[in-house]
Each structure stands twice: as structure tokens, then as C-alpha cells.
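These protein sequences, in sequence, are chains A and B. Quick note on our numbering: the first sequence kicks off at 1 and runs consecutively. Quick note on our numbering: the second sequence kicks off at 261 and runs consecutively.
Keep in mind the hints are simulated off the structure, nothing from the lab. No experiment lies behind these values; they were computed from the predicted model shown. Think of the CB as a built atom: it goes at the ideal place given N, C-alpha and C, for glycine as much as any other residue. Careful, some of the hints might be misleading.
Computed footprint of chain B on chain A, listed as stretches where at least three residues anywhere in the stretch have a Cβ under 8 Å from a Cβ of chain B [unchecked claim]: (1) 16–22; (2) 39–48; (3) 84–96; (4) 114–124; (5) 176–187; (6) 232–246.
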Amino acid sequence: MVKSLSKKIYLYLIFFFLYAPILILIVFSFNGSKSRAHWTGFTLSWYGQLFHDQQILTSLYNTLIVAVISSLFATVIGTAAAIGISRMRKLPKAMIINVTYIPVLSPDIVTGISLMLLFVFLHIPLGFITMLMAHITFNLPFVILAVLPKLKQLNSQVFDAALDLGATPMYAYKKVILPEIMPGVITGFLLAFTLSIDDFVISFFTTGSGFSNLAITIYSMARRGIKPEINALLTLMFISILLLLLLVNYRMSKDTKNKA
Amino acid sequence: MKKRNWIAYPHIVWMAIFVLVPVFIVLYYSIVSISDNGIQLTLKHFARVFEPLYLNVFIRSIELALISTAICLLLGYPAAMILASKNLSKRNMLIVLVIIPMWMNFLARTYAWMTLLERNGLIDTIVKAIGLPPLNIMYTDYAVVLGMVYNFLPFMILPIYSVLSKTNKSVIEAAEDLGATPMVTFKRIVFPLSLPGVMSGITMVFLPAVTTFVISELLGGGQYTLIGNLIQQQFTLTMDWGFGSALSIFLMILILISMGIMSKYEKENEGGGLW
Numbered sequence: 001m002v003k004s005l006s007k008k009i010y011l012y013l014i015f016f017f018l019y020a021p022i023l024i025l026i027v028f029s030f031n032g033s034k035s036r037a038h039w040t041g042f043t044l045s046w047y048g049q050l051f052h053d054q055q056i057l058t059s060l061y062n063t064l065i066v067a068v069i070s071s072l073f074a075t076v077i078g079t080a081a082a083i084g085i086s087r088m089r090k091l092p093k094a095m096i097i098n099v100t101y102i103p104v105l106s107p108d109i110v111t112g113i114s115l116m117l118l119f120v121f122l123h124i125p126l127g128f129i130t131m132l133m134a135h136i137t138f139n140l141p142f143v144i145l146a147v148l149p150k151l152k153q154l155n156s157q158v159f160d161a162a163l164d165l166g167a168t169p170m171y172a173y174k175k176v177i178l179p180e181i182m183p184g185v186i187t188g189f190l191l192a193f194t195l196s197i198d199d200f201v202i203s204f205f206t207t208g209s210g211f212s213n214l215a216i217t218i219y220s221m222a223r224r225g226i227k228p229e230i231n232a233l234l235t236l237m238f239i240s241i242l243l244l245l246l247l248v249n250y251r252m253s254k255d256t257k258n259k260a
Numbered sequence: 261m262k263k264r265n266w267i268a269y270p271h272i273v274w275m276a277i278f279v280l281v282p283v284f285i286v287l288y289y290s291i292v293s294i295s296d297n298g299i300q301l302t303l304k305h306f307a308r309v310f311e312p313l314y315l316n317v318f319i320r321s322i323e324l325a326l327i328s329t330a331i332c333l334l335l336g337y338p339a340a341m342i343l344a345s346k347n348l349s350k351r352n353m354l355i356v357l358v359i360i361p362m363w364m365n366f367l368a369r370t371y372a373w374m375t376l377l378e379r380n381g382l383i384d385t386i387v388k389a390i391g392l393p394p395l396n397i398m399y400t401d402y403a404v405v406l407g408m409v410y411n412f413l414p415f416m417i418l419p420i421y422s423v424l425s426k427t428n429k430s431v432i433e434a435a436e437d438l439g440a441t442p443m444v445t446f447k448r449i450v451f452p453l454s455l456p457g458v459m460s461g462i463t464m465v466f467l468p469a470v471t472t473f474v475i476s477e478l479l480g481g482g483q484y485t486l487i488g489n490l491i492q493q494q495f496t497l498t499m500d501w502g503f504g505s506a507l508s509i510f511l512m513i514l515i516l517i518s519m520g521i522m523s524k525y526e527k528e529n530e531g532g533g534l535w
């Protein structure tokens, strides 16, 4: 009894540690003054001002647009590549997978500066396009790593059977292979999307002064003090993530219960 | 069966342009000196990396990252064990709760620690109320380590949890039936079986910790330079791309060596990863 109680307390402490700063963000989003340390009374005004703050809204929009385009693009190219790679002979397969691993293993800062040097070398002005290309680059490996295991599980004869029954290769891919590997494709897409939304370091090095995402905006504010509107925005994001995940989790656990 | 590898070509071309070419550009910048006399091969950038001043930065970064990794392991392993012992539906919910903080912008979360840690901040106020002297850990190594542990703890918990939850319970029961004490069962059965998870946890905490520049800049106050800060400064402040590239290459070599050592211990990655 004592043992299970101490386990419970330990777990609560770990969760308290993980959520303390988030709690601070939420509490200070209702703070009457701009101070990040002193509580001066309750207000909702930051939430109102958030929707009039052009800088924050633009960077939120930029974050989302880069995340959507880069993860969709990476999912399409990556899924196709995974199918191609899974059919290759051992040596070229190993070579390509190793190169694909490089952005996963490199520290973000090294990926960031090497891409920045590439863009400078090619005389591409740093901004939206370069940040997008950088995000596609670090998203691609995660899509491939998510899809490849699904292809490994796939029975290769199913595809041949489809062809024998008169399906064109394109049709067989669409109707036979794609549905089978769909869970991997979706995992890859979600992974890519979250990584893109969350990225600061690589974006920081691959964009110019004219185009910043949310992370860069927060970074540039951190020295002078983050605007309370950011706290309000993060609180809204936190609540939506929480609701979304709890909903997904609820449905998943219901599914597993139904199966069992 | 006809091979249809061509659908992998866009990816291969992309990787060649955006991964391989940049590696060579970094290599190129690290071994040339560009001046009015033209471009010459040089080793001066790498020579600078080995100056005591900069070597110390490497040693400090590795030290702080190792300390943070050790603390993450000490805090994370018991947490992962407790999580793995819960029943299925409760477990999934708790894992989601471990993951959610990672989805919040990490800069903002690190910034929130400044509120907690700074002089007259929340923690000091509480400490003073109890009657203890203020901690004043803001802008010290303690604050940087705390920031690292905070940001990377989930990366330690999740892989260990995923291995522990797949561990065959009957092995543990067998050990208990054969008279092993809980301590012996843990030392001889549970821990060795969870090693793949521990290894990937260590890798996933150590790598970002050793290369971070944001945590040290915000919580260390900029006066405490780590490798990440040093590299960042070369590209944003001093514009010494040659030295910055040499530092990056040296860092990559260090990481490859340490991962080589790690993978020696990690025979088969049996579900130790995050995904």
C-alpha cells in the first residue's frame, strides 16, 4: 500500500515538473500587467489583443503554411521513395537509406548551417522558399522511416496477383499497396507535420529577416520579454492539443476495448 | 517482376542536393581560406578548434550534457517503470500526457522557466517564505542543466517505457518463483532486458543536449557558451564561416564516434526507438 502510494506521488511529481512551465504560461496569459513575474490581477484582454497582433498572426500563419506544404510534399515523395527503395537490391538500398538517415542523425544546428551555406552558395535569397525546402529535407527521412516497415510486412505476392488479374501497375498501387501501407503514411505525415511546427533551429538558419515562424518570433522576443499575447496563443494551442489528443486516445481505447 | 525503382528518384535527387551537397560545402568552407589573394587550402580553422579556449567549450558542453543525461535516466527510468506497470487504458492516457508538453513550443516553455527561476521569481519566493536563503540559480550551470533535463526527459521516458511495456511478464514471474528478491529480479532480468530502450533514451537526450544553443542562451544568460552557441555565433555574429564549419565537422565526428560506441552495446534495436 505504502509502495503504491509512493509510486503515485513520484509520478505526480514528474508530471508536475513537466507541466509547471506550461501552467505558468497559462496563468500569466490572464495577468493584468505585462510583467512575466508579478501577478497584478485577472484580465482577458491579451486574448482580444492577440487577434489584432499582426506580427503574431503572420508568424502563426507562416508556421502553418510551411508545415502543411512541407509535410504533404514530404509524404508524397517519401511514400513513393519508400516503395521504390523497398524494391531495390541490397547495396543501393543500404546506400540510399544511409544518406536518408543523415538529417535524422545530424544535430539540428549542423543541418541548419549546412543548408544555409547551400542556399547562399546557390544565391537563393533566404526566406519562405528556403525555409520550406529545409523543412521538406528534414521531414522526408521521417516519412520514409515510418513507411518502410509497413512495406516490409507487405506480402509481395499481393501486388503480382493484382497484375495477374489484369490491373495496371498504377491501379495495383492505388488499390492494393497504398491501402496496406496507409497507417505508416499517416504516421509519417503526422510526424513530419509536428516536427515542422515545432522546429526552431533549422528555420532560424534557413530564413531571412522578412519571413519568420512562431518559434523565431518567440526567440526574438525572449530577450526583451515575451508579449503576453504569446502566452494567450500558447494557452489556446495547449487546450486544442489536449482536447484533440484526449479525443483520439478515447476513441482508440474504445476501439481496443471493442476488439478485446 | 519488372523493377519500378524510378519512383524513388525524386527523393534521391532531393537528398543529393539538400543533404550530400551541403555536407561537401561545409567541408569545403572548413578547409579553405578566402581572402583578397584568392582561395587557398588551409588547416587554420581546424587548428583553432584545438585551441584550449575552444576545446574547453567542447569539454564543458559534453560535461553538462552527460550530467543532464544521467539525471534524465535517474528520473526517467522509475517513471517509465511505473507507467509500464499500469493497465492498458490508463497507460495510454498517461503516455499522451508525457507527450503533450513536447508539442508546446519549447522556446516558450524554456522562457517560462525564467519566470520560475529568476531573482524574486516564483521558486525563490517560495524558498524565502519557508525561511531558506534564495537559490539564485538563474544564469548558472544549474539552470542550464535543469533546462536540458526538463526539455529532454520525455525522450528518456518514452523509449524505456516502450521496451518495458513489451517485456514478457512471465520471465519476471519465473524469476520470482525461483526465489529472486525484487532487487535481484530488477538487476538480473528487468534492467538487462530494457537496455535497448535505455540506450536509445541516452542517445536521444545526449545528442540534443550537447548541441543546444537556445537553452544555454536563455537560462545561461549567454555568458555560458556551449558548442551550439559557439557555432551559432560564427554564422550570425562574427561571420567566420570557415571556423564555424570546422567546429560543425568536429562536432559531427564526435557524435559519430559516440554513436558507434553506443551501437556496439545495442545489438539489435528491438523496439527501443520512439516509433
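Handout entry: Within 8 Å of chain B (C-beta), three or more residues of the region 114–124 of chain A
Key = holds (count 6)
Problem - Coverage of the region 39–48 of chain A by chain B, judged on three or more residues with CB within 8 Å - result: Contact hint for the region 39–48 of chain A vs chain B: violated, 0 residues under 8 Å.
Practice task
Check whether three or more residues of the region 84–96 of chain A sit with their beta carbon closer than 8 Å to a beta carbon of chain B.
Solution key: holds (count 5)
Exercise for the section: Examine the region 176–187 of chain A: at least three residues should have C-beta closer than 8 Å to a C-beta of chain B. Expected result: With 1 residues closer than 8 Å to chain B, the region 176–187 of chain A misses the three-residue bar; violated.
Practice task
Quick one: see if chain B covers the region 16–22 of chain A, three-plus residues with Cβ-Cβ under 8 Å.
Solution key: The restraint on the region 16–22 of chain A holds, since 6 of its residues have a Cβ under 8 Å from chain B and three suffice.
Problem - Verdict on chain B covering the region 232–246 of chain A, where coverage means 3 or more residues with a C-beta closer than 8 Å - result: Answer holds; 7 residues pass the 8 Å Cβ test.
In this structure, the hints that do not hold are numbers 2 and 5, in rising order.
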